[in-house]
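Colleague: Protein chains in written order, with our numbering: chain A, 1 to 370; chain B, 1 to 370; chain C, 1 to 408; chain D, 1 to 408.
Because the hints were derived from the structure by calculation, they are not lab data. Don't be surprised by glycine CBs; every beta carbon is placed ideally from N, CA and C. Be careful, since some hints might not be right.
Looking from chain D toward chain C, a few residues come up when the C-beta cut is under 8 Å (computed) [claimed, not checked]:
1. M1
2. D2
3. N279
4. P280
5. A281
6. I392
Below, simulated DSS-like cross-link-like pairs (lysine-lysine); rule was C-alpha separation at most 27 Å, straight line [said to hold, decoys possible]:
7. C:K113 with C:K86
8. C:K48 with C:K86
9. D:K86 with D:K26
10. B:K149 with B:K216
11. D:K267 with B:K149
12. D:K402 with C:K396
13. C:K260 with C:K274
14. A:K216 with A:K149
15. D:K274 with D:K48
16. C:K66 with C:K48
17. A:K149 with C:K274
18. D:K396 with C:K402
19. C:K402 with B:K10
20. D:K274 with C:K274
21. A:K190 with C:K267
22. C:K274 with A:K216
23. D:K274 with C:K267
24. D:K297 with A:K10
25. C:K267 with A:K149
26. C:K396 with D:K396
27. D:K274 with B:K149
28. A:K190 with A:K149
29. C:K149 with C:K402
30. B:K216 with D:K274
31. D:K267 with C:K274
32. D:K267 with B:K190
33. A:K21 with A:K10
Okay, here's what each chain looks like letter by letter:
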Amino acid sequence: MNFDFSEEQKELRDHARRFLKDRCPWPVVRGVLEGPAPYDADLRASVAEMGWPATAMPEAYGGIGLGYVELCVIAEELGRVVAPIPFSSSVYLAAEALLLSGDEANKSEYLPKIVSADSIGTFAVTEGAGALSMDSIQTQFAGNRLTGKKIAVPDGDVASFAIVLAQSARGPMWTLADLTKGGSTRVAVKTVDPTRSHATITFDGAPAEPLGAPGKGWELTQRLLDRAAVLFAFEQLGGATAAMEMARNYSIERYAFGRAIGSFQAIKHRLADMFVKNELARSNCYYAAWALMTNSPELPAAAASARVAASEAYHFASKENIQIHGGIGFTWEADCQFHYRRSRLLGLNLGSVQFWKERLVSALEAGAVA
Amino acid sequence: MNFDFSEEQKELRDHARRFLKDRCPWPVVRGVLEGPAPYDADLRASVAEMGWPATAMPEAYGGIGLGYVELCVIAEELGRVVAPIPFSSSVYLAAEALLLSGDEANKSEYLPKIVSADSIGTFAVTEGAGALSMDSIQTQFAGNRLTGKKIAVPDGDVASFAIVLAQSARGPMWTLADLTKGGSTRVAVKTVDPTRSHATITFDGAPAEPLGAPGKGWELTQRLLDRAAVLFAFEQLGGATAAMEMARNYSIERYAFGRAIGSFQAIKHRLADMFVKNELARSNCYYAAWALMTNSPELPAAAASARVAASEAYHFASKENIQIHGGIGFTWEADCQFHYRRSRLLGLNLGSVQFWKERLVSALEAGAVA
Amino acid sequence: MDFNDNSEEAAFRAEVKSWLAKNAPKFAQKGSNVRREDESAEDIAEAKEWQALKADSGYAFIQWPKEYGGRGSPMQAVIYAQEEAKYPLPRNYFIIGAFAGPTLMAYATEEQKARYIRPMLRGEEVWCQLFSEPGAGSDLAGIRTRAEKEGDTWVVNGQKVWTTVAYMSDWAILVTRHDTTLPKHMGLTYFFLDMKSPGVEVTRIRQISGGSDFCEVFLSDVRIPDSQRLGEIGDGWSVCLTTLMNERFMGGDASRPDAKELLGLAKRLKIDGKPAIENPAVRERIAEWYVQSVGAKFTKFRTLTALSRGQTPGPENSILKLVNASKLQDIGAYGMDLLGTAGILADVDGDEETAQFLMAYLAAPGARIAGGTDEILRNIIAERVLSLPSDIRVDKALPFNKLASGAK
Amino acid sequence: MDFNDNSEEAAFRAEVKSWLAKNAPKFAQKGSNVRREDESAEDIAEAKEWQALKADSGYAFIQWPKEYGGRGSPMQAVIYAQEEAKYPLPRNYFIIGAFAGPTLMAYATEEQKARYIRPMLRGEEVWCQLFSEPGAGSDLAGIRTRAEKEGDTWVVNGQKVWTTVAYMSDWAILVTRHDTTLPKHMGLTYFFLDMKSPGVEVTRIRQISGGSDFCEVFLSDVRIPDSQRLGEIGDGWSVCLTTLMNERFMGGDASRPDAKELLGLAKRLKIDGKPAIENPAVRERIAEWYVQSVGAKFTKFRTLTALSRGQTPGPENSILKLVNASKLQDIGAYGMDLLGTAGILADVDGDEETAQFLMAYLAAPGARIAGGTDEILRNIIAERVLSLPSDIRVDKALPFNKLASGAK
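Hey, can you work out the whole structure from these sequences and the hints?
Modeller: As structure tokens, this is what we get:
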């Protein structure tokens, strides 16, 4: 039995944790929350220097091909500090989409730019409120041009290219749009978590090219969602763990009625419940990391399971962290809000927890399960 | 604003409570749990002497026509003591069905016998596992004879007559079967709560007569369920309150670590949660009692709401009552099991809490709501 | 069992309706019952005008004794509030007075009462309450603001927090610690205070939701005459309890969005191409919250019934905030879930109906804490309603300055 | 990251498989791994025969040191258990020995070890554990069973409860109170005891579920030679901790029905004429429990990984019983709900697949209590894993006979 990070992976984790503790303390996150910048440029640059976008990228595209478990390790650490940088959009979504597409030309063109952080990529899918379905996609791809409107696009305001799900004469279609070449308008939007920027992108006959097999846009999206869900789940797991630690530390420092509030069972048992949810999420995440790493047929079930567990763990930890902090916890000046906002953002970015529960049961019915 | 029991109703309640404390202590319930008798005959006789089956019954049929709120008061008290008698089957189901049917001849024949406790009546509807629907009904009524099998019929082994939902050439149909006249076989069955008896009844061409308008059996069943749900909810509310009190009292008597266990927040807050659920249930129940009393168009929503709240409150209180009792709580010799069994029985007798949530939202959509 | 007014209540309601119909529209046109962050001087003046009009007609602080301008009837106060809520009237800045007043009535001199109570009732002078501190929230008796006596004057130093309307207040009630060597509850002394005194500094606190409903108040060498002490030296805890008893007003109605708003959202959204409202999982959730919502509503009716019957309301009222605050948080999050990825947007095409769920999500953490945390409320239910033993107290007998205290 | 045995583990597993293939079928034919209430003398004899065979081949108590007949390897113990579970073997009556043994190893004389340990390992003598009492469950150090010294003999009086296999035990480990005037944890003394001693009376306890897995043991003037004391007089609590440390074996797998069984049920039942499995509300529930179930399973794998690497397992293992017991109760109740009114039936047409939900409902309250209540487990996680402060203890310093105690 060898179901844990290896010693090397643990070293990578410890190294990343020290690095981010130094480079991404709360004031960095607050700077993005309160300031005009869409992300922290210094942090983004340092992360690229560290080679993190290259972690799971094949060497052919400038990566170091360490592997997906290593990328999961990085994701967990970025989640812990609520990193305000366009990493998930480029690395979990755009890069994975390119890799899935099998399109050599585009892979060779765009993947090295993601590794070097010369470009931010994103995946533009959502068009309206409600659960994602192909029916809800109105964007049209015809004559190598895109027309339509995508909302809540992660880093849509700063991305230089986007993989866009569209309808076409040949069916659902992935397309790749270079957002620097005109034909599209981006408007940054306010979300529950201003430390990660999002935009509405309106395509008005924007030039784009097909990506991946025509008619396969929906299937590719499903596969991308499963893969990205694992990486997002690790970010959520990191956040949930950090929120629990924050609550735990405060409950030891804060006194009421002559005692540390952490000595009251109401608080102790809430923290124990956080621990339980976080450990269940961690175990599910490890399983999903294994499935991602091995391209297992169990990936859809494992990814959904990790996504559900991590979404719920982070939601619980982030809201009860505020509660344990009491009055100070819901002030703007306190740092609790970062987790409270980010947990909701990550919990919705790839679709709600209900959407993933449905995917999970579908996968169970299909049969490849633990 | 006059949204509470009146002084007279409170007197009735106090009187009933004293009476049952005297006549229905735990050994009476245990006697039925462990012994061969289907119910406690003495208690049944005393309850009839007290005139409780007559509470809401019109005077024309031997009742005293006090009203439904008074019957709710009685139901709550019977629920508190987990009374092992065939009251709900006869009074909440059979009598209400007869009253709804509008069939004067049958009302005149059977209702006085329910009042005097000369007869036990019941309502036989369930035929298989799963949520109740007319599709699931296979029992046939033709030529004034019934053929089919009803399961989990409350007091089916001791009832002398049953209102039976059946299919007929004219559509869903209520029929009245005199179970003493042959053509049917009753087999007592083991259930989660042996203190209330249930049976499978097989009709093999049993003589029966139509009850209520032909083809209206399903609509009548819906109306009956709404009315009975209110009365069952009060039994559940009584049980939930008694289970909470039992847990509360034990938590004060039982010491661990040198303190009453009720001084630990893990226990205190669980008891507070019970109180919250019980009070929400009580308020919902009062609303439903008002709707039943006034025949309000809000009855379907109010009944469903009370049923849902009371089912969940009793489930929670009965299971956490055992937990608070610790080891002794799950022994056969302890009395915790009576509430744990009864809460499940009452929670399923009229269909599961999910079934009632669905009815509630349907009623909300239909519009007559608080 | 019914929901009707008794004849006396019906008569009062008719009187109120007619008075409001005559007087409210003028203010309703100008004002709004929605809280605004940055009210203008005109907004405040208008609110004061409305309060004065109410006071002069006997509709301000109706629960107060008649001799102080009330009607001595909590039930009539409720009826008035129900009717008033039908108009979008100016924001009410005067609620602290409603319980500062009875404290003055109990402890102030006749001259003080004559001087302060009527302007308080009429809204001429706004009051605030300097109780909570950064280190003393749930544990109010743990406050550290020091009061030291110099002749006939007290010199006060410390920091207060969560003070409603402090930024526009004229006067404040204040609890301080005059002796740190006495046990916690015995070293407290209570005053009232001119908010314009030198050394009083007020800043507003911003919340997660972006609002600024509360203030911090810094007290630096603030001098208070001994004549403004309420109660004996060392009797501050008893005086606090008088104030808090009057603070336990009727639990408010649930904030929106509630189950009904969720039902509305579910009718508009789709899941797998079908209206979300047809999805049984969504229906179950709506049912659960609706049951809580109706339960809370009718629980309040039971309390009103007790008031209407001239009885002391039962303990059932204590559950309302506990139920409503978590429900708000859960419904907020679930509404966002139903919106799917679009749920992250503060504003879905400018649609207020969807934006309210995100707003609820951001506001609810405050609702679970302000006015008694979930945990304190459960303790209160357990101890006061169910008579369970209190927590083990390590802080009751020791001198205050010997108590363990954390870094924060 | 993988789920594979390392080469050493693979070799051991192959060895075990082959040994079991050769030896288990004979017992598997006769026995059953399902607990039976009223086993016959033959059942017990057969179980003992199987245990002896295991012991003689080095497969009994594999985690024990080699010198006592084990292999000193918790990981090999796990591998053996995994493989053994594939056969329906006789009921295991010998588990108490697994942690009584190490207590003897630590505290008994060489002669005693020579006399008792091998028969314990081989199942020739069955051991039980006389720890819990009616008044001391979660609070084990609160036991009241008295031991009074008369010369070289101790006279023991008291009542023990929740004793597994007491009715068929030959020997017992026992904790007593020898001095009620000392503080709680200091007045305890530990023994082992011949269960056939005069004054030992055993009765079985019936549970809600109808089963009788546990016993009560009444001790009346039971005489124990001082030579059977383990540890010093007054050192009983330390000895207890040795026993309990060895009791913390691998958390078991979740009891069934689990999410998969619920999925199976939902495929067979209908709601509104459609298969229940198509109902999104049912699907959500299945998903929630499946996530817990898989989470628990892989949490155990993480613990096994630590064992496999020769490390001490992390705290994650402490969550398993807490998660699994409530899940069992919830799934039991929900399965009954899905069955609708028919869910009340102990037996739906003799169908075991449906009856298991009712059985789980009745058994689960015990699972939430036995081996550490939910509340104790949360305290353990909070204090030992998260290093939160302990509860305020009022019972540590006072003499035991001065402690408050309730009626029960």
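Colleague: It remains to establish, for every hint, whether it holds in the given structure.
Modeller: Outcome of the hint check:
Given the 8 Å rule on beta carbons, the hint for M1 of chain D is violated: about 30 Å separates it from the nearest Cβ of chain C. Given hint, D2 of chain D at the interface with chain C, is violated; its Cβ is 34 Å from that chain's nearest Cβ, farther than 8 Å. The interface hint given for N279 of chain D holds, since its Cβ lies 5 Å from the closest Cβ of chain C, which is under the 8 Å cut-off. With its C-beta approaching chain C no nearer than about 4 Å, P280 of chain D sits inside the 8 Å limit, and its interface hint holds.
The interface hint given for A281 of chain D holds, since its Cβ lies 4 Å from the closest Cβ of chain C, which is under the 8 Å cut-off. Taking 8 Å as the C-beta contact cut-off toward chain C, the hint placing I392 of chain D at the interface holds, the least distance being around 4 Å. Among the hinted pairs, K113 of chain C with K86 of chain C is inconsistent with the structure: their alpha-carbon atoms are about 33 Å apart, more than 27 Å. Of the pairs offered as hints, the one joining K48 of chain C and K86 of chain C holds, with about 19 Å between alpha carbons and a cut-off of 27 Å not exceeded.
Pair hint K86 of chain D plus K26 of chain D holds up; C-alpha atoms about 14 Å apart against a cutoff of 27 Å. The straight-line distance between the Cα atoms of K149 of chain B and K216 of chain B is roughly 20 Å, inside the 27 Å bound, and the hint therefore holds. Proximity of K267 of chain D to K149 of chain B is assessed by CA-CA distance (about 24 Å); at most 27 Å being required, the pair is judged to hold. Distance check on the hinted pair: K402 of chain D and K396 of chain C sit about 22 Å apart at the alpha-carbon level, within 27 Å; holds.
Restraint check for K260 of chain C and K274 of chain C: the C-alpha separation of about 20 Å stays at or below 27 Å, so the hint holds. As the CA atoms of K216 of chain A and K149 of chain A are separated by approximately 20 Å, the hinted pair is consistent with the 27 Å bound. A hinted pair counts as satisfied when its Cα atoms are at most 27 Å apart, and K274 of chain D with K48 of chain D does not qualify at roughly 52 Å. Taking the CA atoms of K66 of chain C and K48 of chain C, the gap is near 21 Å; set against the 27 Å cutoff, the hint holds.
Restraint check for K149 of chain A and K274 of chain C: the C-alpha separation of about 22 Å stays at or below 27 Å, so the hint holds. At roughly 22 Å between alpha-carbon atoms, K396 of chain D and K402 of chain C fall within 27 Å of each other, so this suggested pair holds. For the hint pairing K402 of chain C with K10 of chain B, the CA-to-CA distance comes to about 52 Å; that exceeds 27 Å, so the pair is violated. For the given pair, K274 of chain D sits about 17 Å from K274 of chain C by alpha-carbon distance, which is consistent with the 27 Å threshold.
The hinted pair formed by K190 of chain A and K267 of chain C meets the criterion: a straight-line CA distance of about 25 Å does not exceed 27 Å. A distance of roughly 23 Å separates the Cα atoms of K274 of chain C and K216 of chain A; the hinted pair therefore holds under the 27 Å criterion. Distance restraint check for K274 of chain D and K267 of chain C: the Cα-Cα separation of roughly 22 Å lies within the 27 Å cut-off, and the hinted pair is therefore satisfied. With a CA separation close to 22 Å, the supplied pair K297 of chain D and K10 of chain A stays within the 27 Å bound.
With a C-alpha separation of about 24 Å, the suggested pairing of K267 of chain C with K149 of chain A holds against the 27 Å cut-off. As the CA atoms of K396 of chain C and K396 of chain D are separated by approximately 20 Å, the hinted pair is consistent with the 27 Å bound. A threshold of 27 Å between alpha carbons decides the hint, and for K274 of chain D with K149 of chain B the separation of about 22 Å falls inside it, so the pair holds. A threshold of 27 Å between alpha carbons decides the hint, and for K190 of chain A with K149 of chain A the separation of about 17 Å falls inside it, so the pair holds.
Proximity of K149 of chain C to K402 of chain C is assessed by CA-CA distance (about 22 Å); at most 27 Å being required, the pair is judged to hold. At roughly 23 Å between alpha-carbon atoms, K216 of chain B and K274 of chain D fall within 27 Å of each other, so this suggested pair holds. About 22 Å separates the Cα atoms of K267 of chain D and K274 of chain C, which keeps this hinted pair within 27 Å; it holds. Distance hint between K267 of chain D and K190 of chain B is fulfilled; the C-alpha atoms sit about 25 Å from each other, no more than 27 Å.
Straight-line distance between C-alpha atoms of K21 of chain A and K10 of chain A comes to about 16 Å, which keeps the hinted pair within the 27 Å bound.
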